[in-house]
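The residues making up each chain are set out below.
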Amino acid sequence: MDIMDFLKEDLVIPQLDAKDKQDVIIKLGNLLFDKGYVKKTFVDAVIEREKKFPTGLPMEEINVAIPHTDAEHVLKPAIAIGVLNNPVNFNNMADPESELKIDIVFVIALNDGHSQPELLQELISIFQDSRILISIKNCKDASSIIACIKEKFN
Amino acid sequence: MGGDILNEKKRVVVACGTGIATSTVVADKIHEKCKEEGIQIDIVQCKVTEIGNYISDADLIVSTTIVSQKTDVPVVNGLPFITGIGVESALEKIIDILKK
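Order-wise, the sequence lines are chains A and B.
Using our numbering, the first residue of the first sequence is number 1, and each one after it goes up by one.
Using our numbering, the first residue of the second sequence is number 1, and each one after it goes up by one.
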């Protein structure tokens with residue numbers, strides 16, 4: 001399994017309008033729930049965890065956040081992506097007191113990280129490539145977002 | 001080579017909020033680097049809230065989130081492995097501590 005098996009057009013929301021981080025997590029989390037990837041408890045669990053252990057990552061140009069939670073709330077591994085029309089604030093993972101303006105949110109539903117290290121490595125290689133993040137941010141629809149990522153791994 | 005000291009296995013605790021996502025990536029990187037450097041290590045991966053259970057005989061803690069637990073074990077910030085910014089200096093700190 002590589003990252004392309006986890007990325008699905010119907011789990012991507014381009015040009016997402018959200019008023020705050022909670023709103024983003026609800027929108028992406030509900031999508032994962034509607035498609036059968038997570039349990040009903042997932043959204044609340046992610047929101048709670050985000051308060052205690054924030055997931056905003058300060059990258060070179062475009063900041064990303066990776067909300068996630070314990071495996072018990074997950075049925076099948078998946079990644080939901082939201083590209084925000086206007087950035088929302090998430091707190092910084094390494095410095096929870098400080099806030100970061102986030103443009104792209106990846107809600108990660110993992111049932112066991114140990115069996116998916118390549119998936120996580122590949123995901124992180126996307127974050128570390130500001131060129132890709134910029135093209136994802138400029139994409140107008142889900143299929144071109146998936147295409148942008150696919151291009152990196154081809 | 002440093003002889004006996006390097007033959008002794010070092011214990012590294014790698015932590016993040018859930019113990020499954022970012023710590024997996026960090027543990028992988030440390031494992032790779034230590035192999036290169038010929039340093040033998042045991043890695044324990046856990047939630048940062050469970051860190052107290054694992055640090056009594058640890059040589060190093062690497063965490064992507066803040067460690068609030070009071071400890072004498074040196075702590076290195078693991079976030080550079082996620083953001084890609086400052087990886088070299090984080091690896092240097094880790095290797096320095098493990099070679100002591």
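Wrong hints could be hidden among the right ones.
Short, incomplete list of chain A residues facing chain B, as computed with Cβ under 10 Å [claimed, not checked]:
1) Asn111
2) Gln121
3) Asp129
Derived from the structure by calculation, the hints contain no laboratory data.
For each residue, glycine too, the CB sits at the ideal point set by N, CA and C.
Could you work out which of the previously given hints the structure breaks and list their numbers from low to high?
none
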